[in-house]
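Peer 1: Quick note on my numbering: the sequence shown kicks off at 1 and runs consecutively.
Bear in mind the hints are in silico, worked out from the structure with no lab data behind them. It is possible that some hints are incorrect.
Have a look at the derived ranges for each label pair, beta carbon to beta carbon [stated by the list, open to error]:
| hint | residue 1 | residue 2 | range |
| --- | --- | --- | --- |
| 1 | K4 | K121 | 46 to 54 Å |
| 2 | K176 | L76 | 43 to 51 Å |
| 3 | E241 | D63 | 26 to 34 Å |
| 4 | F150 | R233 | 13 to 21 Å |
| 5 | T224 | K59 | 16 to 24 Å |
| 6 | N282 | L76 | 37 to 45 Å |
| 7 | H137 | K17 | 52 to 60 Å |
Glycine included, each C-beta is placed from N, C-alpha and C at the ideal position.
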Amino acid sequence: MKKKQYDDYRYEEIFDKLLPLQTYQDKIEDLRMNNRYTYIVKTTTSGNLVESEVYPVYKCRHDIPRAKERKESRELQKKLNDKNSKKRAFRLIQNNFDSGDLFIELSYDGDFVPDEIRARKDIKNYIERLRRYRRKHGLPELKYIYSIGFGESEGKKIRIHHHIIINKMDRDIAEKLWGMGRANSKRLQPDSGTGWFEEASKYIAKQGKRRWAGSKNLKKPKVTTNRTRLTKRKVEKLVKEVNSFKEKFEGIYQNCDYRDTKIFYSDIVSGFYIYTRMKRRN
Numbered sequence: 001m002k003k004k005q006y007d008d009y010r011y012e013e014i015f016d017k018l019l020p021l022q023t024y025q026d027k028i029e030d031l032r033m034n035n036r037y038t039y040i041v042k043t044t045t046s047g048n049l050v051e052s053e054v055y056p057v058y059k060c061r062h063d064i065p066r067a068k069e070r071k072e073s074r075e076l077q078k079k080l081n082d083k084n085s086k087k088r089a090f091r092l093i094q095n096n097f098d099s100g101d102l103f104i105e106l107s108y109d110g111d112f113v114p115d116e117i118r119a120r121k122d123i124k125n126y127i128e129r130l131r132r133y134r135r136k137h138g139l140p141e142l143k144y145i146y147s148i149g150f151g152e153s154e155g156k157k158i159r160i161h162h163h164i165i166i167n168k169m170d171r172d173i174a175e176k177l178w179g180m181g182r183a184n185s186k187r188l189q190p191d192s193g194t195g196w197f198e199e200a201s202k203y204i205a206k207q208g209k210r211r212w213a214g215s216k217n218l219k220k221p222k223v224t225t226n227r228t229r230l231t232k233r234k235v236e237k238l239v240k241e242v243n244s245f246k247e248k249f250e251g252i253y254q255n256c257d258y259r260d261t262k263i264f265y266s267d268i269v270s271g272f273y274i275y276t277r278m279k280r281r282n
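Using the sequences plus the hints, can you model the full thing?
Peer 2: Now the structure itself:
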């Protein structure tokens, strides 16, 4: 009978210390301090973005670590929530949009400065106009992800504006349908360094989860888990051989090109959290 393992904990909150390359060897002994855990490999695939997360799972429920109650914990949790919000937006964009889709910035005429309630109404009305146009002209169903942004400069009122990514259509029509002020659109293009839409996703997610949203027809990334791919011994060997990350991960993930790895540790428990990104080949 297969033994139950417990992984229902906030591993990113527990393993929150980035491990510098030069200290890997010093931390290896921590892997031997506790025999009551093993490792799980969680893989998230969003378009050509493949993320691998390796972190401990526990043999007994009472061994699951809990973050210490501390004065700064709320601020740390806020930062983690913001980080995860940006990660979710990035994954949705990678999984649903392609080169040539539209990335549009929308602003307001003159001195008109709407409040957030009005801004939400305006962007929803714009989306409905886009949707009606596409239906009328036989275009594929509208897909979108948008954010409501705030920018300010010294001595001026706070200016609300919007960023939105939509699937392909005529740029001039998309701009004209705004009708509330200036609309600037460009074709979505992957960043030259990574081949992903990281820069566009930063604009969408920088205001936090409360101010970005996507259409219901966006496909969620594919998530799989594997509890046997990396044993504790293999993880120990992997962390020791930092120069072999590319070879190791490209061996595990066929048809992927290695990009980068970050290793985190905890001041509460032993073990590591290994986060790796790869680009899937076409």
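Peer 1: 16 to 24 Å was suggested as the range; check whether the CB atoms of T224 and K59 agree with it.
Peer 2: holds, 22 Å
Peer 1: Holds or violated: 26 to 34 Å for the Cβ distance of E241 and D63?
Peer 2: holds, 28 Å
Peer 1: Given the hint of 37 to 45 Å, check if N282 and L76 actually sit that far apart at their C-beta atoms.
Peer 2: holds, 39 Å
Peer 1: Using the C-beta atoms of K176 and L76, is the stated range 43 to 51 Å upheld?
Peer 2: Check passed, 46 Å falls within 43 to 51 Å.
Peer 1: Looking only at beta-carbon atoms, does the pair F150, R233 fall within the given range of 13 to 21 Å?
Peer 2: Violated - the Cβ-Cβ distance for F150 and R233, about 50 Å, lies outside 13 to 21 Å.
Peer 1: State, for the Cβ atoms of K4 and K121, whether the hinted interval 46 to 54 Å holds or is violated.
Peer 2: This hint holds: roughly 49 Å between Cβ atoms.
Peer 1: Indicate whether the distance between the beta carbons of H137 and K17 respects the range 52 to 60 Å.
Peer 2: Given about 54 Å between the Cβ atoms, the range holds.
The structure shown violates just one earlier hint, number 4.
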